[in-house]
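Q: Since the structure of chain A is provided, determine the placement of chain B on it from the hints.
Here is what each chain is made of, one letter per residue.
Protein chains: 2
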Amino acid sequence: MLGAIEAGGTKFVCAVGDEDFKIIERVSFATTYPEETLQRVFDFFDTYPQVKAIGIGSFGPIEVNKQSQKYGYITSTPKTNWRNFNFLGEMKKQYSIPIGWTTDVNAACLGEYKVGSAADDHSCIYLTVGTGIGGGAIVKGEIIEGFGHTEMGHIIIRSHPDDDFDGFCPYHKNCLEGLAAGPSIEKRYGIKAENLDANHKIWEILAYYLAQALVNYTLILRPEKIILGGGVMNQVRMMDLVKKEFSFLLADYVETPDLDAYIVTPSLRDNAGITGGLILARQAL
Amino acid sequence: MLGAIEAGGTKFVCAVGDEDFKIIERVSFATTYPEETLQRVFDFFDTYPQVKAIGIGSFGPIEVNKQSQKYGYITSTPKTNWRNFNFLGEMKKQYSIPIGWTTDVNAACLGEYKVGSAADDHSCIYLTVGTGIGGGAIVKGEIIEGFGHTEMGHIIIRSHPDDDFDGFCPYHKNCLEGLAAGPSIEKRYGIKAENLDANHKIWEILAYYLAQALVNYTLILRPEKIILGGGVMNQVRMMDLVKKEFSFLLADYVETPDLDAYIVTPSLRDNAGITGGLILARQAL
Numbered sequence: 001m002l003g004a005i006e007a008g009g010t011k012f013v014c015a016v017g018d019e020d021f022k023i024i025e026r027v028s029f030a031t032t033y034p035e036e037t038l039q040r041v042f043d044f045f046d047t048y049p050q051v052k053a054i055g056i057g058s059f060g061p062i063e064v065n066k067q068s069q070k071y072g073y074i075t076s077t078p079k080t081n082w083r084n085f086n087f088l089g090e091m092k093k094q095y096s097i098p099i100g101w102t103t104d105v106n107a108a109c110l111g112e113y114k115v116g117s118a119a120d121d122h123s124c125i126y127l128t129v130g131t132g133i134g135g136g137a138i139v140k141g142e143i144i145e146g147f148g149h150t151e152m153g154h155i156i157i158r159s160h161p162d163d164d165f166d167g168f169c170p171y172h173k174n175c176l177e178g179l180a181a182g183p184s185i186e187k188r189y190g191i192k193a194e195n196l197d198a199n200h201k202i203w204e205i206l207a208y209y210l211a212q213a214l215v216n217y218t219l220i221l222r223p224e225k226i227i228l229g230g231g232v233m234n235q236v237r238m239m240d241l242v243k244k245e246f247s248f249l250l251a252d253y254v255e256t257p258d259l260d261a262y263i264v265t266p267s268l269r270d271n272a273g274i275t276g277g278l279i280l281a282r283q284a285l
Numbered sequence: 001m002l003g004a005i006e007a008g009g010t011k012f013v014c015a016v017g018d019e020d021f022k023i024i025e026r027v028s029f030a031t032t033y034p035e036e037t038l039q040r041v042f043d044f045f046d047t048y049p050q051v052k053a054i055g056i057g058s059f060g061p062i063e064v065n066k067q068s069q070k071y072g073y074i075t076s077t078p079k080t081n082w083r084n085f086n087f088l089g090e091m092k093k094q095y096s097i098p099i100g101w102t103t104d105v106n107a108a109c110l111g112e113y114k115v116g117s118a119a120d121d122h123s124c125i126y127l128t129v130g131t132g133i134g135g136g137a138i139v140k141g142e143i144i145e146g147f148g149h150t151e152m153g154h155i156i157i158r159s160h161p162d163d164d165f166d167g168f169c170p171y172h173k174n175c176l177e178g179l180a181a182g183p184s185i186e187k188r189y190g191i192k193a194e195n196l197d198a199n200h201k202i203w204e205i206l207a208y209y210l211a212q213a214l215v216n217y218t219l220i221l222r223p224e225k226i227i228l229g230g231g232v233m234n235q236v237r238m239m240d241l242v243k244k245e246f247s248f249l250l251a252d253y254v255e256t257p258d259l260d261a262y263i264v265t266p267s268l269r270d271n272a273g274i275t276g277g278l279i280l281a282r283q284a285l
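Sequence lines, in order, name chains A and B. The first sequence begins at 1 in full-length UniProt numbering and counts up one residue at a time. The second sequence begins at 1 in full-length UniProt numbering and counts up one residue at a time.
In isolation and in its complexed conformation, chain A is listed as follows (with noise of 0.2 Å):
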């Protein structure tokens, strides 16, 4: 039996899944402060000794250096009561067995890589697009990782002329996140994003940012598939705009798969990161 722990910034998901990733049981509660999360975590796998590996995918920024001191921590994150927390280091106190650490995005790029919508791929890319936006990517088997983790959703890019929204990251104000992630909707509109009517120019316009960074991701990694999940892929016209303008950009200057299984949906769903968990908690053993 695997153990996954899926740990986000406003919820945490553990479950415990067989060798064929299937999830047996889920648990899932709000993220409070360190101490009293993990509790509930320990109290979770407590009840399952026959746990021979956990995997976690966590929110960031978290140091996956294995070079660094600080391998396992939870960096700078702005929520400061998990700033410089040793997340691994505590499970590891608790638990005797190996333990996979990543980011969720990555989690949720392998959990999609084995068993999802790139399951028939060698190599993939998971954006997914929220308040923030966030990616992870996989190359033939390998996470892309290096100095630290991808941050893929801070890419720069080019504004749209009729766009005179400054963005709103506080590093890059105008990055891709700072131009795209669902908030920024609300800053430009006053209104929230599933109040805007699907006809309304902005679906156009992020749909131009994002195709962007598709182009540049492409350009830079040639993935066979790229999975795209997240709040604002829920716009219904959002999948059918991105390829549009992604064919655009691109100009044919590579080739791609065919567009409609290229860039697609997340076939996981909403278990994509837990499931990557208990992959890389195999892969941990």
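Note that these hints are calculated values from the structure, not bench results. Computed from a predicted structure; not experimentally measured. You may find that some hints are simply not true.
Identical copies look the same in the list; a pair holds intra-copy or inter-copy alike.
[Unchecked claim] Calculated pairs, DSSO-like style, for lysine-lysine (alpha carbon to alpha carbon, straight line, at most 30 Å): (1) 11 x 70; (2) 22 x 201; (3) 70 x 114; (4) 114 x 187.
A: Chain B in isolation, oriented as in the chain A frame:
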């Protein structure tokens, strides 16, 4: 003994080397027609029957996807004589030894990764800024590729507010290559780059473009090292200007190694590509 070919659009280099990737002999000749050029390649390697494997780093675009029927071909190059040329196939007809196949920039990246500027790292990017802009990346020993090879020179970037040049990329006009490759200078000012003063504002503009690219590569790949080569980087001020702009644009959002250790020149200089070819040959064995 190992063999290597650095197949450039204007010049071919062939070499043989030892198991430590030291070059034993090296020849170079102009790239003409495929048949004529290949004959010179054969003339060289025919004198070294002890060569156990050959690695080819070729100009492109090339087909690197082993699922493709055109694997081993030079594909849509503007050099019409070489378009749809089965380079790897012709080599395999002549020599029944393992032959490795990748792009010229991936080979240079591999050379720098194994025995050059990134020899102590687990990941790196190699970018050459000359008549075009091309790059390769390696993460955990694997060349980054998927549906095809990277084309990181064509990513979308922002125009500089003081630059009214439209760009010269035939596909995208104002992508990175269209705005920042060497020929953009002559197209802007009618003067060759080497005749422009070191204090000309163009160097700051090019540095702004290259720094944007480096920020995006950093956020997407998080490499431990970025190696910058090519004619444009020979301008004495460029390296410092790029680092300064990079630091400003990244805004300390993610950690990198110290910039003087992170953004560096190729220590193998003109031998990066051919050395990478020898390494590719070794890997093909």
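Q: None of the hints should be skipped; say for each whether it holds.
A: So, going through the hints one by one against the coordinates:
1. Taking the shortest alpha-carbon separations for residue 11 and residue 70, only the intra-copy value of 24 Å comes in at or below 30 Å, while the best inter-copy value is 48 Å.
2. In this assembly of identical chains, the alpha carbons of residue 22 and residue 201 never lie at most 30 Å apart, being 41 Å within a copy and 60 Å across copies at closest.
3. In the homo-oligomer, the alpha carbons of residue 70 and residue 114 lie at most 30 Å apart both inside one protomer (29 Å) and across protomers (28 Å), since each shortest distance falls under that limit.
4. In this assembly of identical chains, residue 114 and residue 187 lie within 30 Å of each other by CA distance neither inside one copy nor across copies; the values are 37 Å within and 48 Å between.
When held up to the earlier numbered hints, the structure conflicts with 2 and 4 and fits the remainder.
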